[in-house]
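Hey, can you work out the whole structure from these sequences and the hints?
Note that the protein sequences, when read in sequence, are chains A and B. Each step along the first sequence adds one to the number in full-length UniProt numbering, with nothing skipped, and position 298 is 298. Each step along the second sequence adds one to the number in full-length UniProt numbering, with nothing skipped, and position 117 is 117.
FYI, nobody ran anything at the bench for these hints, they're computed from the structure. Wrong hints could be hidden among the right ones.
DEER-style ranges, computed between Cβ atoms [what the hints assert, rightly or not]:
(1) B:Thr200 <-> A:Gly388: 52 to 62 Å
(2) A:Glu154 <-> B:Pro57: 47 to 57 Å
(3) B:Arg291 <-> A:Asp387: 55 to 65 Å
(4) B:Pro57 <-> A:Glu116: 50 to 60 Å
(5) B:Asp37 <-> A:Lys152: 42 to 52 Å
(6) B:Trp72 <-> A:Asp98: 53 to 63 Å
The C-beta atom is built at its ideal place from N, Cα and C for all residues, glycine as well.
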Amino acid sequence: MTADTSTTPTPDQPAGVAPAVSVRGVYKVFGPKPAEAVRRLRAGASRDEVKNLGTAAVIDASFDVAPGEIFVVMGLSGSGKSTLIRMLNGLWTPSAGDVVLGDANLATVDGKRLRELRRTRVSMVFQHFALLPHRSVLDNAAYPLEIQGIGKAERQRRASEALDMVGLGGWAESLPSQLSGGMRQRVGLARALAADTDVLLMDEAFSALDPLIRSEMQEQLLELQAKLGKTIIFITHDLNEAMHLGDRIAVMRDGRIVQIGTAEQILSDPANDYVEKFVADVDRSRVLTAASVMQRPRVTLSIGSGPRLAAREMRDADVTSAYVVDRTRVLKGLVHAEAAVPAVREGVEKLEGLVDPDVVAVHQDTPLAELFAPAAGTSVPLAVVDDGGRLVGIVPRVTLLEAMAPADNGDGSDDAEVADGTAPDGAAVETTAPTEGAPA
Amino acid sequence: MIATASDTGTFVPRVELGAWVESAIDWMTDTFDPVFDAVKTFFESIYDGLEWVLSTPPFFVVALVLAALAFWVKGWKLGVGTLLGFCLVAGMNQWDNAMESLALVILASAVALLLGIPLGIWAARNAHVSRVVRPVLDFMQTMPAFVYLIPTVVIFLTGPVPGIIATVIFAIAPGVRFTELGIRQVDAEVVEAGRAFGSTDRRILRQIQIPLAMPTIMAGINQVIMLALSMVVISGMVGAGGLGNDVVAALQRVDVALGFEAGLAVVILAIFLDRVTAALADRAPVAKALRATR
Ligand SMILES: Nc1ncnc2c1ncn2[C@@H]1O[C@H](COP(=O)(O)OP(=O)(O)OP(=O)(O)O)[C@@H](O)[C@H]1O
Ligand SMILES: [Mg+2]
Numbered sequence: 001m002t003a004d005t006s007t008t009p010t011p012d013q014p015a016g017v018a019p020a021v022s023v024r025g026v027y028k029v030f031g032p033k034p035a036e037a038v039r040r041l042r043a044g045a046s047r048d049e050v051k052n053l054g055t056a057a058v059i060d061a062s063f064d065v066a067p068g069e070i071f072v073v074m075g076l077s078g079s080g081k082s083t084l085i086r087m088l089n090g091l092w093t094p095s096a097g098d099v100v101l102g103d104a105n106l107a108t109v110d111g112k113r114l115r116e117l118r119r120t121r122v123s124m125v126f127q128h129f130a131l132l133p134h135r136s137v138l139d140n141a142a143y144p145l146e147i148q149g150i151g152k153a154e155r156q157r158r159a160s161e162a163l164d165m166v167g168l169g170g171w172a173e174s175l176p177s178q179l180s181g182g183m184r185q186r187v188g189l190a191r192a193l194a195a196d197t198d199v200l201l202m203d204e205a206f207s208a209l210d211p212l213i214r215s216e217m218q219e220q221l222l223e224l225q226a227k228l229g230k231t232i233i234f235i236t237h238d239l240n241e242a243m244h245l246g247d248r249i250a251v252m253r254d255g256r257i258v259q260i261g262t263a264e265q266i267l268s269d270p271a272n273d274y275v276e277k278f279v280a281d282v283d284r285s286r287v288l289t290a291a292s293v294m295q296r297p298r299v300t301l302s303i304g305s306g307p308r309l310a311a312r313e314m315r316d317a318d319v320t321s322a323y324v325v326d327r328t329r330v331l332k333g334l335v336h337a338e339a340a341v342p343a344v345r346e347g348v349e350k351l352e353g354l355v356d357p358d359v360v361a362v363h364q365d366t367p368l369a370e371l372f373a374p375a376a377g378t379s380v381p382l383a384v385v386d387d388g389g390r391l392v393g394i395v396p397r398v399t400l401l402e403a404m405a406p407a408d409n410g411d412g413s414d415d416a417e418v419a420d421g422t423a424p425d426g427a428a429v430e431t432t433a434p435t436e437g438a439p440a
Numbered sequence: 001m002i003a004t005a006s007d008t009g010t011f012v013p014r015v016e017l018g019a020w021v022e023s024a025i026d027w028m029t030d031t032f033d034p035v036f037d038a039v040k041t042f043f044e045s046i047y048d049g050l051e052w053v054l055s056t057p058p059f060f061v062v063a064l065v066l067a068a069l070a071f072w073v074k075g076w077k078l079g080v081g082t083l084l085g086f087c088l089v090a091g092m093n094q095w096d097n098a099m100e101s102l103a104l105v106i107l108a109s110a111v112a113l114l115l116g117i118p119l120g121i122w123a124a125r126n127a128h129v130s131r132v133v134r135p136v137l138d139f140m141q142t143m144p145a146f147v148y149l150i151p152t153v154v155i156f157l158t159g160p161v162p163g164i165i166a167t168v169i170f171a172i173a174p175g176v177r178f179t180e181l182g183i184r185q186v187d188a189e190v191v192e193a194g195r196a197f198g199s200t201d202r203r204i205l206r207q208i209q210i211p212l213a214m215p216t217i218m219a220g221i222n223q224v225i226m227l228a229l230s231m232v233v234i235s236g237m238v239g240a241g242g243l244g245n246d247v248v249a250a251l252q253r254v255d256v257a258l259g260f261e262a263g264l265a266v267v268i269l270a271i272f273l274d275r276v277t278a279a280l281a282d283r284a285p286v287a288k289a290l291r292a293t294r
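Put into C-alpha cells, the structure is as follows:
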C-alpha cells in the first residue's frame, strides 16, 4: 500500500517538543531476584526462562508521550499494562530503566518529591473508580486538593467546577453508593481533573462500564481533552476503544511492547502476527481513513497543459480519465480520455474547456465507512484532498473493498499459534525489535 | 531421666516445661517487682475510679444513663430493654457486683484495644510482624482461659489487677486479628488512589484505611468486650470481685438461687454490651454510606 503517511504523526518522534512522559528501557520484575532477572532478559532470555527469578511484568519498555497526546497502551490480560502505568507515577518502582516526568526522573527523586509530583504533575483514574465510600461526591472530587493542602472553600469551588465539567453538577452531596457505575467513574474523572495535573493516567477507566455508557464516556473524554489539552495515558484491552481514543497506540504482549503507532499504522501495517491477530476484529471502517488507503494517482494533469499531452499520458498509464490540478495541486476537476482524444484532433489548445469540475472529492481524514456512499455514486476513483483542497491521492473502488478485509498473509500454522497463545516468545521479540528500539 | 520416663510408661523423657515456666515467672517476680508494683497501683487506681463512678450514684441514675446511651446508639427498644434489665439486676441484689464487673470489663477492654488495635495496624502493614503475631495469638486464644490467672496471681497477688491482666491477655486476640483483617481487606485500588494523589502513608491510614476498615474493627471490638466479660466472670476465682465472685461462691456452695441470679446478671450485662457495640459498628460512616442506596 502506498499510503501517504506525511499527514500522520511519526510514531516515535512527537514533533520537536519535550515529551511530557518519557520511558526509557524500563523493566519490572516481581519476585525474589529482579536484578538478576533483568540482567538475563537483557542478555536475551525469554520471559519463561527467568520465571524462577520472578514474574517479568514489563520488559524493556521505551516510549515518549508528547504533551497533549492521548497515548493508549493495549494488550491482553496479564500483558503488563497496569504494571507499566503504575511505574509512571511511582506506585511501582522499575526494576531497571528510567521514567521521566517532564524534568523529573522518578528513579532519582526521594519520597517527598515523589508525593509532590503526584500532587502537581500526574493524577490517575482507576478501573473500579476507587472512590471513598464514606465521603460525598464533592468531597471525593476535592480529595486531591485536600492532599495539596488547599483550603476548604477553595477546594470545594474547584471540585464543583470539575463536577460540572463531567456533568455531575447536581450530585455534589450524594454518596458514591447512590450513583450508577458511569456516574461513579465521572466522579473519578472529576477527581483527577480537579487535581489539575498535566498528565492523566487512566487504567482501564471505562472497562467496568456497559457499552453505551462507555462510548458516552469516550466521547466526553475526547471533548475534555480537546478543551483542556491534557496528556493522557490510557490503558485498555479493548481494541476499538484504543483505536477510537488513541493518537498513538502501544500494543503489549507478555510484558513487551510489540508495536507503537497510530491506529492506522497498526491496522494497515501490523508489526507481527500477534498484532495482526489482535487487530483482526476491529471495525476497520471507523479507524482507517481515506489517507490510509489512498494511492498515488498514476496520472495527474496540469490545468495549463494541452489535450495532446493529456491524451498521451492517459494512454501511457492505461487509464481512461485523470484528475486535473492547478500549479499548487489544488483539484480542478476530471478529464476523460473520450473528451481529450477528439479535442486533439480538433486542435483545441487548452485543457481547461474539457475539464469536468463536477467531481466527488473526499477529505483525507474521512473514515472508510463514509467513503462507500460517494464511491458508489461515481465510476472513477475517489479524489482525496487535504485541508487546502489539494489533491493528495485517489481511492479506487477495489482498494476500498480490499481495505475492509484485514490483511491475510500469515500462514495457517502461525495463526493457530497466536490464537492459543503458545507462540514462542522469540518470535514476537525478533519481529518487534525494530519498532521498540527506535526511541526519539 | 530414665526413672521419670517410666512414670509415664513411655520412653519419652519428662520435659519439665511447666517447671521452667514457673521459675521464669518467679525470676520475673523477683526482678521486676517494682515494675509490677507500679503496674498494679496504676490499674488499681483506674479501676477504683471507674468503680466509684458506677457505684456511687443511686442505681436508677446509672441505669437511666446506660439506657439513654442504648437509646442514642440504637433506638427506644434497646433503651427500654436496658432500663428493665438493669432494674432486674438491682432487684436481684446484684447491682454492686454488676457495676464492679462492668468496671473490670471496661478497663480490661480498653487496655486490650489500646494494645491490640495498634498491633493489628502494624501487622497489617508489615508481613514480618504479622507472621510473628499470628501464632502468638493462636496460642493465647487456645490456652484455657483460667490458666492465665495463675501467673498473674503469682505476680499481682489478689484484688482486681490479676483479673484485669488475665482478661487483657485473654481478650486481646480479636482486637488484633479483626484490625489486621479489616485493614488488609480495604480495597487496594482505593489505597492506591490515596498514594496516587500524593497522600502520605500516615494520612492514608487515617483517612482511608481506618475508616474503611472500621466496620470490621468494630466487630473485633465487640468480640473483645464479650471475651472480656466472660473472663471477668472466670476471674471471680481469684477474688477479682464483681459477678464472678458470686458465681464462684454459688458453685462452691451449690447454691442454685444465687448462681441463677448472678448468672442472669451476667447475661443482661452481656446483651447490653453486645447490642450497644454492634449498634456503634452500624453507625460507622462507611457502614452508613454503604447502606445508602440509590
Ligand atoms: N504485585 C504483584 N506481584 C506479583 N506479580 C504481579 C503483581 N502485579 C502484577 N503481577 C504480574 O505481572 C503480570 C502483569 O500484570 P498486570 O496487572 O500489569 O497486567 P495487565 O495487563 O494490567 O492485566 P489486566 O488486563 O488483567 O489488568 C501478571 O503476570 C501479573 O500476575
Ligand atoms: Mg490491569
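Status of the hints after comparison with the structure:
no.	hint	result
1	B:Thr200 <-> A:Gly388: 52 to 62 Å	holds, 55 Å
2	A:Glu154 <-> B:Pro57: 47 to 57 Å	holds, 50 Å
3	B:Arg291 <-> A:Asp387: 55 to 65 Å	holds, 57 Å
4	B:Pro57 <-> A:Glu116: 50 to 60 Å	holds, 56 Å
5	B:Asp37 <-> A:Lys152: 42 to 52 Å	holds, 51 Å
6	B:Trp72 <-> A:Asp98: 53 to 63 Å	holds, 58 Å
In summary, the structure agrees with every hint in the numbered list given earlier.
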